[in-house]
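Could you put the whole structure together from the sequences, leaning on the hints where they help?
Protein chains: 2
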Amino acid sequence: MSAGDLHTLVGKSVPRIDGIEKVTGAARFTGDLVIPDMLDAKVVRSPYPHALIESIDVSEAMRLPGVGAILTRDDLQDINPYYGNCLRDRPLLALDRVRFVGEPVAAAAAIDKTIAEEAASLVKIRYRELASLSTVGEAMAEGAPVLHEKIFGAGEHHEMESVKAGRRKNICHEEHLERGEVGKGFAESDEVFEEVYEFPMVCHSSMEPHTAIASVDRYGITLWSSSAHPFLVRAELAQMFGFPLSKVRVVVPYVGGAFGGKSYFKIEPLVVALARKAGRPVRLIQSGSESMLTNRRHSARCRIKTGVKRDGTLVAREAELFLDTGAYADNGPRVASRAVTRLLGPYHIRHYRINVSAVYTNTVPAGSMRSIGGPQSIWAVESHMDVIAERLGLDPLEFRLNNLLRRGEELKPGGRPIDADLAQGLEKAASMVDWRRRSRAPGRGLGLALGLTDSEAMPVSTAIVRLLADGSILLNAGTTEVGQGARTVLSQIVAEELYVPIERVTMHGTDTLVTPFDRSTGASRSTTVMGTAVRAAAIDLRKQLTEAAAEILKVSSDRIVCRDGELIAGEKRLDYGKAVRTFFGMSGGELIGRGYVRPGGALDSALPVFWETGMGAADIEVDSETGEIRLKTYATVADVGLAINPQQCESQDEGAALMGIGHTLFESLHYDSGQPINPNLIDYHVPTVADIPDNFESALIENRDGPGPYGIKGMGESGVVSVAPAVANALAQATGARIRELPLTPERVWRALKRARPGSFDTAPAKPARNEPTEDHP
Amino acid sequence: MSAGDLHTLVGKSVPRIDGIEKVTGAARFTGDLVIPDMLDAKVVRSPYPHALIESIDVSEAMRLPGVGAILTRDDLQDINPYYGNCLRDRPLLALDRVRFVGEPVAAAAAIDKTIAEEAASLVKIRYRELASLSTVGEAMAEGAPVLHEKIFGAGEHHEMESVKAGRRKNICHEEHLERGEVGKGFAESDEVFEEVYEFPMVCHSSMEPHTAIASVDRYGITLWSSSAHPFLVRAELAQMFGFPLSKVRVVVPYVGGAFGGKSYFKIEPLVVALARKAGRPVRLIQSGSESMLTNRRHSARCRIKTGVKRDGTLVAREAELFLDTGAYADNGPRVASRAVTRLLGPYHIRHYRINVSAVYTNTVPAGSMRSIGGPQSIWAVESHMDVIAERLGLDPLEFRLNNLLRRGEELKPGGRPIDADLAQGLEKAASMVDWRRRSRAPGRGLGLALGLTDSEAMPVSTAIVRLLADGSILLNAGTTEVGQGARTVLSQIVAEELYVPIERVTMHGTDTLVTPFDRSTGASRSTTVMGTAVRAAAIDLRKQLTEAAAEILKVSSDRIVCRDGELIAGEKRLDYGKAVRTFFGMSGGELIGRGYVRPGGALDSALPVFWETGMGAADIEVDSETGEIRLKTYATVADVGLAINPQQCESQDEGAALMGIGHTLFESLHYDSGQPINPNLIDYHVPTVADIPDNFESALIENRDGPGPYGIKGMGESGVVSVAPAVANALAQATGARIRELPLTPERVWRALKRARPGSFDTAPAKPARNEPTEDHP
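These protein sequence lines are chains A and B, in that order.
This note's numbering applies: residue 1 is where the first sequence begins, and numbers increase by one.
This note's numbering applies: residue 1 is where the second sequence begins, and numbers increase by one.
Derived from the structure by calculation, the hints contain no laboratory data.
Each statement offered as a hint is correct.
Chain copies aren't distinguished; within one or between two, either way the pair holds.
In silico SDA-like cross-links for lysine to any residue, where the CA-CA straight-line distance does not exceed 25 Å:
1. Lys113 / Asp32
2. Lys277 / Val23
3. Lys578 / Phe243
4. Lys543 / Ala602
5. Lys113 / Leu33
6. Lys554 / Gly600
7. Lys578 / Leu607
The structure is reproduced here in structure tokens:
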């Protein structure tokens, strides 16, 4: 039975409700807004990776006609300038020293952007340069300078799981997970494999750069922002600037891509402080390059060691992952805590010891990015699995299937048992590249990978659904539409529960003044968690509507059914609008439904709320002359429980896979002596339409086994995790070259091909030295 | 026991929550907003009172650089151009003919206001003038041209009481009320008095003229407006332009005075049509003069005839009121229907026959204005009462007291019984001018009057109250803050019910996209009706909060009390913010309370929802040389049931009385041959601070006998009704001169003094001829 048999709208690929608005340019983003008397801002950024600020002179800048205000550290005396979602380690402007190239040191607001830029250029700052830490290795070396001497806890933002903080040797955060006896496990193993994998710094590259407009007066703060987390921004600004939550208004219209880069707090505290100084609204629209110097994904080095029986049974694992979290913690602690389980893979392993460290360096702060901690860890785990399979002479698919966790089994003690049929998904992905044919043309290879991630979807959302007097419906839910299609899917849920066409439902943007609380848009949580709140609100509304109709039609409410916008009791019919009007005795009135989700409430209380699963399979062709990899087929499979909108699910999953293709083949933000080399979209290559695989296929696994409405679960991130290992595994199968560092650029592949013995695998070094690169760096 | 003994905030004159914001200029009104790409508009208005439009040529105007669009009747083909809250008799632009000087015929939108004005001046319109109807007399004469040949019913806007329409002899609407046998009543009377009173056209003179900004696209309409009735505007625009309610967004920030002049629909349909044509947002800020040509109070002529026993017992009344409703119905039918009961006074009269007609003329449309139909009818009734008392040799106070309706008695069959102690209020007003001293200095006189009005407060409101995770509270209620202090009073109710300081509560402006339905701001209804919805929402919230605390504290919810923002159960205490955070298991979350008011719901179901009562007493001094009247003391008394904020109630009542002083002494919009003579604030005199009475006193009657929360009832309009008769009665007492036409300008008083025999009353003519003026016109 398909979803369509049970539901009228759920399971249907209705067109995006914001599609036409966006393709015609009618949709408004933050940068499209005009606030009366608004000034434009330009940020003065540090040119040094690490330096003391000796003096700041704004006198010349202030003399420029048209300048409204220059914000410096001197303007932050009366507020708490520190912010941070895990640790409050970051001031909104550098105070005594700068810690990365691009860090804001001052900001100018002027009547137009050109004057603001000129004013910014006239701010004179004297620095005293300090030794800088470009890499995790440097940061952890004995005698390295300490980047943060004191850090404030994030207090209330320690949400639901404590984040352990330790700054020994610039370690921002450490996370540890252990089970069984690892030493004994390795001793019992027939073979032990140990490798090191490296993952580059990559950027979110959203089409819309970070943008915010702030207005501050004695009554509070109003902020229009491209933020994906308006309610968390509200709380942070309230804490910093000393207002109650009710006096901080955060408005988020459409957002042009987020991918984690607009999570938590980015430019908002700075823009608010500047507007406060200026006494007028201030707008900051960053350039794409500035946004690349605002946040990025953690680069990583992973040492992974696995003991196996000769038959391929996994016995023990030890893994150590170092995440380069950059100059400030941002979401590093949470990325570290999420990466831990990802390093286990979705496999039975009796003995394990996992350690993940987020380490401060003098680089751009790293934070959330699609599947936090996932690509870095799964890149290592799933490459490693193929290396083991090859050494043991096992088929990589069979090897994985034999070790996979089954439904109901636990990945780690006390967590939600596995709620998916992982084997089904992996078989599906394999079948999509015709895995079992095994006939390889020269230069062609197949590769597989899968990932299981706990996205840490927080089970807290609220929603309001209002039925107006003509039967039209307004949905007020705080999910940010970042391009993922949330408004469409949430509207589908409302329309489903109220038995109306989707055109009847309008969902608008977030305005914390009037939109009820949602924890955040991210962690693949919106359809599952907010969807549950929205559904509860719609059901609450339907109940009131049915009771109103019972009163009007003079029948018992349990005799009334809803269908096609009508309330029906036998021969009696009443359309919704008429029911509202009659209930209120006039042409107006409305009914208000509300829904809450909280731990232990409407959703199953086990955490994580759901496991997010993604499988990938690659069929590649390698050009042995140039080292270029061409994806002939890439298949991505997501276990979604049930797809409310299959087309949107597929788009999400393919979008995630394409992002994965980016870090697999092209993307890397390079540093040289603390200076970023390529923070622009000319020198930093994101995939274009030319880079899409010849056959780009996606499939959804739908077993209605998720915790959300109708059996759904979160998706949209997992497509990113399997691409790199699947492609590297295919490359190894095709050429024998095993590459352990991304991206798989033509140069890197070409060099590896030169080193590999043609026709055989480049076997893993048994125990590579800890920090030794596994092949040449570009 | 005072209110303060029972309540913590109700009954306290807390400062206005929007006070500082307004006096510092921080408050934003519609005209302060800037919408991206916005054009400015200028309306082309008819110079003729009545004419056919032969042609409109916009070609030259369109050639002017910077012009975005010129709207004419040709642009209205695909919509329903007619609007109206009682009758849909008005097109948003004149179609075939114009019906008053100032009627919009075209509108220009351009990149700035200067260009828009020039473009408007270049629109060439050829008119063919028609005979015009300047007065009700002309409009009802045999052979008069018919102003409206066809009128569409207002359909859904026929709210709760049908409005009977008849256009015979340009009669827009007639309302009739009859009881007993009037002929028999007059026959049984010892004396019969008949007089004619006239009331001028007066203007609202709000500080903020009508202003609106509209944006229209395929997705719907967004309108920012100075409207007092955003939800009715939404419904009207949806009907005219063919959108569902959910696609019409009406945003109302602060409004700078309304007084009925911003009720229902004024410039909004025109601005929306112009924005639709322009394809860009369009702003129209009218001048003060334009707003005077947009709406006004009905001028009136009232013939009143009363039969009395020699002891002063009222026996029979016949009254006929003709209201000049101008060129379009606007709220004329409702004004007529409300005036009917006002002509009975709050007195026992066994036999009566009342007829009220709203008549079309070629003048500015008349609509709602503070106490609709009240000043016109009570001017006649309460002057007439003094004339009768004088003739019968009775004290005007005793005469009134002897005939007053008592609590629980009916004014008209089937309506709400009198819910006030009218005698108490009248005695109070009399005592404030030391009525019983009766010693008169030369040129000094005392006068009394009172009015009982059914404001037709519609009992339909909804509200949302949200408790945030730090214990701060957001109130989302659709009452428009027009200067009356609604946000303060409604916030007091929330704070009272939730046991928090008022600073914890924030109430914001209306945005129909997110603000739940309220019928309207007017009819003195907001504190009583919306207050009931707000209180219900707060109680609903408190219930959820208590249940959450019961779960957290592990006690029964009936053991929990709320006090000072805390939930207390014995020794256990939990502040509200902590309760929310614990309930949701994180630093966020919120609880959402909702409240509804509907007929038969939380408010007593009898209509009117309440009787609004106002008493006035004047002590005046007349300068016999100049005819100037000086108010030595004016005392205004309102029966408010209970004052939630006594200072605001007094301000409201004094503001209403000052508005009454305007039409009593100064105000009149004059027409000459269909041309308005003084539509500007130079030639049209509104009271200034210099015109405030030497002693300006107000008192509130508080018997907790209203239907609203804590026993409140509506107020704020009734102060306007008693001023004119009280002053005219004092003038007659002081000088013997009885004037039956307002305003009591020095010239008119001087002429009356010349005619009156010094030292005695100018007794009423026994039966003045129907349309004969009772004294010289200025």
